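Modelling step: build the complete structure from the supplied sequences, incorporating the hints.
Which chain is which? The protein sequence lines are A and B, in order.
This note's numbering puts the first residue of the first sequence at 20, with every later residue one more than the last.
This note's numbering puts the first residue of the second sequence at 20, with every later residue one more than the last.
Since the hints were made in silico from the structure, they are not lab data.
Hints are supplied without guarantee of correctness; some may be wrong.
Said to hold, decoys possible - One-sided excerpt, in silico: chain A residues whose CB lies under 10 angstroms from chain B: (1) A33; (2) S63; (3) E74; (4) I170; (5) T360; (6) E362.
What the hints assert, rightly or not - To spell it out: a stretch of chain B is covered by chain A in this simulated footprint if at least three of its residues, at any positions, have a beta carbon under 8 angstroms from a beta carbon of chain A; those stretches are: (7) 59 to 67; (8) 162 to 173; (9) 220 to 227; (10) 293 to 303; (11) 435 to 445.
Said to hold, decoys possible - With a straight-line cut-off of 30 angstroms between C-alpha atoms, the simulated DSBU-like cross-links for lysine-lysine are: (12) B:K164 - A:K401; (13) B:K474 - A:K24; (14) B:K146 - B:K90.
Computed from a predicted model, the values in this text were never measured in an experiment.
All C-beta atoms in this analysis are idealised placements derived from N, C-alpha and C, irrespective of residue type, glycine included.
Protein chains: 2
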Amino acid sequence: MTGEKKIVIIGCGAGGGTAAQFARKTDKKAAITIFEQSKYSQYSKCGLPHAISGEIPKFKDLIEFSEDWFKKNRIDLFLETTVDEIDIKNQTVSAKKGNKQLKKEFDNLILATGAKPFIPPINNIQKNGSLINGVHVLRTIDDGKQVSSDIKKGGKATIVGAGLIGLEVADSFYKKGMDVTIVEALPNILENTIDNDMCEPVLKELNEKIKLYTNHIATKLEERDGEINQLFIKDNKTNEEKKVETDILVIAAGTKPDVTLAKSIGCKIGKTGGIIVNEKSESSIKNVYAVGDCTEYKDFVKKESVCIGLGSIVVRQAKTAGINAASGKDNLPKGVLLTRTSEFFGIEIAAVGPVKNAFQNIPVLFGKFKGSSLPDYFPGGKPILMKVGVHEETGKIVSAQAVGNNAAQRINTFACAVLNETNVEDFKKLETAYAPPIAPTLDALTLVCDVASLKFARKRR
Amino acid sequence: MTGEKKIVIIGCGAGGGTAAQFARKTDKKAAITIFEQSKYSQYSKCGLPHAISGEIPKFKDLIEFSEDWFKKNRIDLFLETTVDEIDIKNQTVSAKKGNKQLKKEFDNLILATGAKPFIPPINNIQKNGSLINGVHVLRTIDDGKQVSSDIKKGGKATIVGAGLIGLEVADSFYKKGMDVTIVEALPNILENTIDNDMCEPVLKELNEKIKLYTNHIATKLEERDGEINQLFIKDNKTNEEKKVETDILVIAAGTKPDVTLAKSIGCKIGKTGGIIVNEKSESSIKNVYAVGDCTEYKDFVKKESVCIGLGSIVVRQAKTAGINAASGKDNLPKGVLLTRTSEFFGIEIAAVGPVKNAFQNIPVLFGKFKGSSLPDYFPGGKPILMKVGVHEETGKIVSAQAVGNNAAQRINTFACAVLNETNVEDFKKLETAYAPPIAPTLDALTLVCDVASLKFARKRR
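Here it is as structure tokens:
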């Protein structure tokens with residue numbers, strides 16, 4: 020080795036892989052090494068439910084950057100390799116690939132260790148440290164393949180958790196012709212994604228197509244002949260117990276940042292359990308960056324730490340980390356906007372900024388508007404339900420939610436407003452694109468701000 | 020009459036009608052009068068091509084606010100009524116409805132007189148002051164009905180002008196099974212809407228579906244048995260003459276602001292020929308407001324006057340005029356963004372800010388990116404071509420154009436950036452909404468800014 024910069028990356032998910040890509044773009048000569056536990060190079064975890072449903076034909080289609088790609092870009096990718104030690108004083112990483120012990124020096128280290136599924140305390144869910152047959156999480160391609168092999172048309176599928184992943188998986192099972200049940204401990208679906216009052220169009224679909232138990236906790240599993248057979252659930256309020264027959268159970272109850280290695284070298288861990296990183300994607304330890312689901316970063320609106328769990332943020336952190344680790348200069352905005360979207364049961368949802376219950380001490384008023392994607396006179400308009408959050412004192416737009424037609428692209432416009440700290444009085448005057456077959460003269464974007472603006476004016480009187 | 024505020028509005032298009040609506044909202048007691056030449060209350064002119072195509076079932080569906088609506092809102096709407104005089108000293112308007120002479124006092128007057136189609140000097144196009152049989156403009160419901168009655172499946176239709184309206188009408192004729200030809204004097208289609216290099220996807224469709232002559236001027240019409248028969252066109256460069264057989268000819272060569280009444284009272288007219296208005300929608304004459312296609316207003320980026328010809332701007336001006344005329348307080352942003360969109364031959368286009376050739380002395384660099392609406396691994400992604408304009412010195416985003424999937428909503432996000440004078444370096448870090456079936460982790464929005472940002476960085480070195 021000569022005087023080239025040495026960069027070691029732990030993890031080759033969207034975080035590690037993207038960091039490597041931008042490190043290489045920034046420094047053509049740097050020696051870049053990635054250690055990855057699984058046998059797959061960078062792939063889309065978010066695509067897993069869509070590979071299960073068959074929308075994406077094969078699981079291997081999810082691979083975005085092949086081993087070959089990394090080779091061509093002179094990035095040493097070690098798959099099926101587990102890091103056992105980081106020596107921060109001597110700046111080395113030790114790893115094991117099969118029987119082979121590896122050791123790499125680094126100038127800069129990037130932790131992209133991701134997160135692990137949270138397994139709720141359900142009786143009998145594990146046997147000898149493994150989930151029993153028919154019980155799954157959905158975090159990796161291997162998880163996805165196992166889920167797929169358990170799918171039977173007409174069979175019964177249960178999902179614990181009605182967040183984004185839970186609903187995406189439920190939709191996949193539904194598309195595969197299964198009889199689907201969702202069990203959610205909280206009083207509503209999508210509690211961290213959109214407000215309860217925005218869920219109505221989704222709930223309508225769910226109630227037609229699947230069985231949903233909110234306010235219910237999964238307590239116990241029953242096997243028959245070594246296979247999962249029944250899930251016992253309990254009503255949070257009445258304590259009434261019910262049995263849900265099920266052939267397959269997917270746990271989608273959230274994740275926990277994987278910070279074992281980070282802790283071993285003394286990285287500061289935040290209150291959400293993630294590695295604390297700054298706008299340069301640096302951890303608290305010199306020369307150590309961290310990106311993705313193992314980290315936490317400031318929320319743009321609340322100025323408080325939030326854990327990172329969105330692919331869109333991961334790749335942006337990773338870009339910054341990769342550039343900086345390769346001696347470039349990059350930084351993130353002063354917080355995350357949490358722009359998010361998903362689609363299930365034919366409904367697109369999207370949001371930016373905290374949900375209503377997460378604002379805590381910040382005084383926020385809300386405008387809500389139900390409109391159509393097209394002018395009234397043009398046939399075929401699709402419903403769009405919107406909500407916008409406005410700071411009661413400053414008038415700045417701090418959040419927005421959309422359910423229905425083009426929710427995601429509409430939310431991108433609001434994301435731009437939140438990033439620019441645009442006042443609702445200015446935003447409502449934004450000229451939106453109008454043409455009869457495309458959008459009304461005043462888009463739902465504008466009209467929802469008119470509602471919020473009226474409330475804002477009343478408060479200021 | 021008691022002490023109520025008296026508001027007179029001339030014209031009941033989107034401008035006049037919307038102004039009345041907001042005047043009423045602002046002042047429940049004001050006496051509001053509208054004089055309208057045609058027999059229709061407020062309807063969508065932009066919808067006319069879609070009523071011709073049949074997408075909108077009937078022309079009367081285009082009426083957005085009925086006579087009855089105005090009556091219910093205690094707005095005196097006089098249809099088929101022509102204003103013959105405004106007495107600015109005595110603040111009265113005289114008008115004629117049939118044989119009846121009307122006279123109304125006003126405290127505030129709103130001019131919403133619109134624009135008239137420009138008729139290019141084509142030999143034989145008029146007879147006794149009227150267009151000959153088979154030749155049409157498309158500005159009113161009556162125009163639309165006449166066009167419709169001339170449509171014959173398998174017949175030949177020619178359109179002069181390849182701007183937005185020209186292409187929308189061409190698409191309508193094509194949908195009706197006609198053999199369509201477009202003649203455009205300029206070297207390219209859509210010259211004022213998107214840049215030449217953005218037209219490729221549209222040109223591809225046009226070349227497959229219709230006959231297009233750019234750089235050609237229509238010179239002469241030939242009749243047979245009192246019906247239009249042939250259009251003579253001339254190549255701008257070679258002077259070569261061609262004949263185009265045609266059963267119907269639509270002139271879509273732009274409009275001229277109708278400022279006859281405005282001139283009669285001394286309103287200042289700008290260099291584009293429109294009534295000069297300010298951010299309060301006031302003309303240069305006290306107590307006289309003007310809105311819509313008869314006006315010109317500052318461009319947000321160029322700070323120069325542009326004529327108004329977009330429904331989205333008209334309703335926003337009208338809202339401001341209506342509120343202010345009723346003694347409320349409202350103002351427009353400090354210029355128009357010209358956010359615009361359309362769809363023809365299956366392609367959605369949209370843009371905000373000046374086209375490249377219109378920037379004149381402003382130094383602007385451009386980023387361009389061709390991407391997909393979905394991640395590579397998700398089947399069914401649709402192409403999206405984007406372009407962003409960035410001020411070479413400040414880095415501010417000053418324009419954007421999009422052709423393809425969800426062009427309009429993507430352009431709305433850029434409109435928000437232009438309005439906020441967002442720097443491309445900040446905008447490219449915007450978290451866009453990501454989910455495999457909806458959008459990639461880095462939307463075309465972001466990637467086009469990456470391209471522009473690289474160019475910007477190089478310029479700054």
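For each hint, the structure was consulted:
1. A33: This interface hint holds because 7 angstroms falls under the 10 angstroms limit.
2. S63: S63 of chain A check passes; min Cβ-Cβ to chain B is 6 angstroms, inside 10 angstroms.
3. E74: 7 angstroms, holds
4. I170: 19 angstroms, violated
5. T360: 4 angstroms, holds
6. E362: E362 of chain A check passes; min Cβ-Cβ to chain B is 5 angstroms, inside 10 angstroms.
7. 59 to 67: holds (count 3)
8. 162 to 173: With 0 residues close enough to chain A, the hint is violated.
9. 220 to 227: As far as the stretch 220 to 227 of chain B goes, the hint is violated, because 0 residues have Cβ atoms under 8 angstroms from chain A.
10. 293 to 303: That given contact is violated, which follows from only 0 residues of the stretch 293 to 303 of chain B lying within Cβ reach (below 8 angstroms) of chain A.
11. 435 to 445: Result for this restraint: holds, n = 6.
12. B:K164 - A:K401: 28 angstroms, holds
13. B:K474 - A:K24: 27 angstroms, holds
14. B:K146 - B:K90: Violated - the C-alpha atoms of K90 of chain B and K146 of chain B are around 40 angstroms apart, more than 30 angstroms.
Taken one by one, the earlier hints fail for this structure at numbers 4, 8, 9, 10, 14, listed in ascending order.
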